[in-house]
Every structure is written in C-alpha cells, then in structure tokens.
Amino acid sequence: MSEFLRQFMIVDIFVTNFGTLMQGLVFTFELAIVSMVFGTIFGVLLALGRSFGTRLLSWLCTAYIEIIRGTPLLAQLFILYFALPPYGIRLSAITVAFLGFTLNSAAYQAEYTRGSIEAVGEDQYMAAYSLGMSSWQTIIYVVLPQAIRWSIPAWTNELIYLLKSTSIAYVIGAPDLLTQGKFIASRNYQFFRVYLIVALIYLVIVLAAARLIGKIEKKIEIPGFGYTKNQR
Amino acid sequence: MSDKPLLRIINLKKRFGDKVVLDGISFDLNKGETKVIIGPSGTGKSTLLKSINRLVVPDEGEIWLGDTEIVRCKNINAIRQQIGYVFQDFGLFNHLTALENVMIGLTKVKKIPKKEALERARYELNRVGLSGIEDLYPAQLSGGQKQRVAIARALAMDPKLMLFDEPTSALDPELIGEVLAVMQELAESNMTMLVVSHEMGFARSVSDEIIFIEDGKIVEQAPPEKMFKDPENPRTREFLFKLSELYGEG
Ligand SMILES: Nc1ncnc2c1ncn2[C@@H]1O[C@H](COP(=O)(O)OP(=O)(O)OP(=O)(O)O)[C@@H](O)[C@H]1O
Ligand SMILES: [Mg+2]
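Residue numbers (my numbering), protein chains in the order written: chain A, 1 to 232; chain B, 1 to 250.
Just so you know, these hints were derived from the structure itself, not from any lab. Glycine is no exception: its CB is placed at the ideal position from the N, C-alpha and C atoms. Treat the hints with care, since some could be wrong.
Listing some non-contacts, in silico: residues in chain B with all C-beta distances to chain A over 10 angstroms [as the list claims (entries may be wrong)]:
#1 E62
#2 D89
#3 G201
#4 E232
Reference listing, derived: stretches of chain B covered by chain A, where coverage requires no fewer than 3 residues with Cβ under 8 angstroms from a Cβ of chain A [to be verified]:
#5 100 to 108
#6 221 to 230
So here's chain B without its partners, still in its complex pose:
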C-alpha cells in the first residue's frame, strides 16, 4: 500500500451549544505509531477520541481510517469493529464474566463460532496477564484487572487502531503500573495507538509524539524528547510544569 497514514484527521470541529470544543484539529497517525494527547480538563480530548469512532458526531472536518472517511460513512458499525476503545471507567458489561466480556464482540458482532471465540478470548486474557479470572464478574475484579479485561476485549476484535481515554486515571496508584505495562507491550508490538494520558513516564518511553491540546486546538506537537526538553510554546512549558508538579516526574 501507499504511505498513507492509518488515521488522518483534517480540520475537525465540534461545538456543544455555544461552546466550541474542537476548533480545527488536524493530525496524522501512521501505522505502528503511538501518540499521546495531553491537555487541561475540558479541552476536548475525550470529544476528539469519541469523534474518531463517531460516539460523538463532529460538525465539520474529516476523519480517514485508511481509505474510509468516518464522519460521513454509511456503516459505522463496521468501522467501530476496527477501532478498539478503552474507557476511563472501563465499561465492562456488568452481567458478563471476564471471559464473556471478551467473547461477546466476537460472537455477536463478528459472528465467530463460539468455540473459536472462546479460544481467542482465553488467549487475549492470557496476553494481558489475566489467566485464572475468566469466570469472575466485573464487580469481583480490581480496577487494574477490569481495565486489562477491557483492553483484552478490544484486542480480540483485531483492531487496526486502539484509542485509550485516560485508561489509568480511575485507578489506585499501585494498579496503574500493570495497565501501563500492557499498553507498553502493545505499543512495542507495533499496534497503532492514540492515548489520552497524563502518565508522562509512559509518554516519554513509548510515544512517537506528544500532542498538546488546549481549548480545542493543537498548541504543539512534537516527539517526547523535544517536548520535554525544549517546548516551543510557553503554554506547553507551563502545562508540562504543572503536570510534573501534580504527578511527579514520570
């Protein structure tokens, strides 16, 4: 194939009522890349991620996943199958066991035979370090386990792209590491990932680029070395300083 990016976002705009939440966002994400999005609360990071699989419908702009434009495409369910989404609050199905959570997308959406789905689900749970908890319900899992089940559920669908919206910010500090470790492994296995996170240690060691968003606009985007050492915009510098004060040096 050509050297077209896997994900291309062009001039994305979204407002809720009078409030402009996304104000012309454009960037590319190539196959195998990981980019981390940072920015103050309420600046549209979640809205951006949700736009990518159209859980939110943008007002203007284009989103290309390979050769398919998402904002106006007819069959959004087919697109969503190709995009894994990991939520801050896990979003596990409460009435299903860990194993069933991973299987349901395979059996009901992809219509894969049950036996095959079962095998795949076990494999994915094992991959995120969760063999042995297959039959537990979400209410019986720790936050870190829940988030890893959620990641396994997304991976089982064979996504082209993984979106993470603050996957560790609802976790107790001692559980953050186990989730970040899974994500790091994923990135190293060449998964294409877009991650909203303020875990700067993760961003520094895993990401190809950090994108700083404020008030619905990209203020600065750069590889982590440049971003941390020598940011161009004073706003970026200020925000990174605040982050390091809040979270400590990652």
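The following block holds chain A by itself, in its conformation from the complex:
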C-alpha cells in the first residue's frame, strides 16, 4: 500500500483512543447544548428588552448585542479567562467555556429573535388590544409565540454552529473533542490521522443533529409559518 493511503488507516487509532475521544465528545455536546439553552433564554430576554423595554433597557440590550457581535469570540474567551483574575475573579477553563459560549450565543440569538419579533404584523397587536389584552399579555400570548416559530430555523443553525465552534474552547484548554484530539496526537505524533478522526466525528454529529432537528421542525410545524433565513 502506498505511503499516502496508509495515512488514512485510522481505525486502530480510533479504537485505542475511543474512551478519550468520547469524553471529549460528551463535553462538546454538553457545552453546545447548555450554551444553546441558556443562550436562547438570555437571547429572547435581550430581544424583548431591546424591542419593548424602556429607552434605557433597550439601549443596554442593544449595546450588549453590538459589543458581543462586534468582537471576536476568541477575544471574549481570553478576556474571561485571563483578564478577570487580576480583579479577583478566577474562573476555571470549563466555567469560562460555558459562560463564554452562552453569553456569545445569546447576542446572536437576540438578533434572530428581534428579526422575528419585527416580522409579527401590526394587525396582530391591534387584534390583541381589541380583545382587551394588556401590552404584556399581547407580547406573551401573541407576539412571542409567533416570533419563536419564525426563529426556529435560525436556532437550529445556531446549534449546528455551536457544535462546531465550541472547538475554539481548546485555546483555553477546556476538555472538548478537539482538545482531546490534540492530547492524543501529542502522545502518538499521528497528527494527521488523529485530526482526521476528530473532523470525521464532527461531520457525523453535525449531519445527525441536522437530520434530527429537521424531523422535530416538521413535527411542530404550523401552517403559515415558513422559513426565515437568519444564520451565521
């Protein structure tokens, strides 16, 4: 067999390091899903604050969203990890990873949600008010449920983005899939093969996640609610 093809013999490396790789994979899942869930909650609150809050609140939410979206994720992680300890705030790599990705994802999701809130027509507000709903009831029972429907496709893209982008956590040494791969490669010097395995695992989980989400989307689909094309 040629030397080139031998490069792709990855099965035995995969088998020997299966445990370590799975540990990394589990952490990657945890990081992506937790960031997604809390990022969504925080993101929706930011969007509501920006769209319906008092001037000050709206300004604060906007500032947060713009600052997070206007600076590199990597810089945000470094700031949480390296810049806070001098002020007595010492966070572990794992905490920084969860916090960093949640805070970052929230800003993007806030923007998707805001777009969806703005897609809810004036007629829906008028109809709600004419039934005697207060502004809050209108937001909670009419605007938000519709905005969330419009946001679902963007959110699924966000989850897929997070599954991949959480690999950046390796720069601060959080034990995600890529970090574990780097660890394995540093012992057996099989850099190409190890990173090929890691890349293939990412590909498999991303494709699987996309399929699963597609099925869920179909299940909860409501006639009249199509796709919006927000994504990063």
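Take the given structure of chain A and dock chain B with the ligands to it, following the hints.
Below, chain B with the ligands alone, put in the same frame as chain A:
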C-alpha cells in the same frame, strides 16, 4: 335604565400632523341599533372606529359607552373587552387554530376556565356556520371563513357593541355573502353595531341609519330609505351615485 344611548360621540377631533382627519364628529347609537358609515377613502372612517376603542387616541371630544367616558378612562382594557372589533384584514392570530383564536380572549383576558371557554368557542363557531374547522389554522382558511372566525372571536367576549371596519372589502366577491349573512343575523338579534361598509344592499336592509362622512365631518345622516331616495346634500347624492356605479345596485 334611562334612555341614554349605548354609544354617544361628542365633537370628536383628531389630526395626524397637519392633516385634520376627524373634524368634530358627533352622533348617538342606541342599544340594538345598526348604523352604517360610508364615505370616500381617507376621510377618517377607520380612525373614527379605532378611536372608539382607543386604538387611536383622539385629540378632543368625548366618547361615552353607557356611563363610561372612553377617551380619558383609566382602564381601557376593561372597555375594549366590551367592544367587539372586526378588521378588514381579519387579524386572526396566525399561530392559533380557529378554536384557539376564539378561546384566547376568554381564557387569558376574561380568565374563564378552559373547559367553559372551549364550550363557548365551539358554540360561537357554530353560530357563524363554522363547525368542523375548529382545528384549522388561519393559513388554511378562506377569507370568508377567516372573517367569520374573527366575528366569532369578538362575539365570544359578550360585547355590548360591535364595530366592523370594511369587513368584506378584502374578500373575493363570492365570499362576501356568507359574512354579510352572519352580520345580518347579528343585527336582527338586536346586537348594537357600527359598520363601515360600502355594501349598499346590506345597508339598505339592515341599518337603522346611514352616516355619510367626508373630510372628517358628517355630511348627512338619515335612515336608508331617505338616504337613497331623497338625500339632502348634493355631495351625498354624488357619492351614492359613484357607489352604485362601482358596486352595482346592492
Ligand atoms: N397612524 C397614522 N399616522 C398618520 N396618518 C394617518 C394614520 N392613520 C391614518 N392616517 C391618515 O388619516 C387619514 C384617514 O385615514 P383612515 O384610515 O381613517 O381613512 P378611511 O376613511 O378609513 O379610509 P379607507 O376607506 O381608505 O379605509 C388618511 O389620510 C391616512 O393617511
Ligand atoms: Mg379605513
């Protein structure tokens, strides 16, 4: 109670920027009456209706619903519950089924138990001739069905007064009849109604009075027989003639 009108509008004025949209509108609507408002586009008909449940806040004037003044009242949500509003573009909640559309005001605003609300919603849908479509979403309904759901939704709140803003003008001609039939039945069951519409057949057979508004002022108001046969103002005559040309004799 006294013979006070159910709705009394006194010298209502509203301007948007420099444009005077309502220029001193006054009229009464007694319990059980139906009045139809007609007038050229942009003369303030929608603004007048919206003022009545304060979706638009008038600059001057008074609106009395029974003993409550609406323009300056504190709890507008309590007033709005008593006024059904039917929009030209239906305004159904897109994320809710027909049944849920009718129920939501009952459960969330009136805080009626779900089971009771469900029964009431079914009853109202049945009343507008829509049994069997309870679980369809607005996107799955025809225009005429949507408007009848909207009417059912308003009726479920037990309104004292129903406002209709051109309820049939977004409908295909063959669907207008089913909505007008529901409205006619309502009027005959003594609901108090204020209807902006250019369906002259409906106005002729159902209304107690037709009010012709132009440039934010009432030009003429009279029972339909008088209005059609012998209008006093030449502007009224001209407008009615235009209408009959546009829509045919109703
Ligand atoms: N929110 C608003 N801001 C500014 N101008 C407005 C607003 N709402 C209505 N107008 C203006 O007020 C005028 C009257 O509008 P209105 O909708 O009450 O007329 P209408 O008689 O219902 O007309 P149509 O038959 O076309 O429905 C129009 O010139 C319109 O452009
Ligand atoms: Mg109008």
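How the hints compare with the structure:
| no. | hint | in the structure |
| --- | --- | --- |
| 1 | E62 | 21 angstroms, holds |
| 2 | D89 | 5 angstroms, violated |
| 3 | G201 | 27 angstroms, holds |
| 4 | E232 | 35 angstroms, holds |
| 5 | 100 to 108 | holds (count 3) |
| 6 | 221 to 230 | violated (count 0) |
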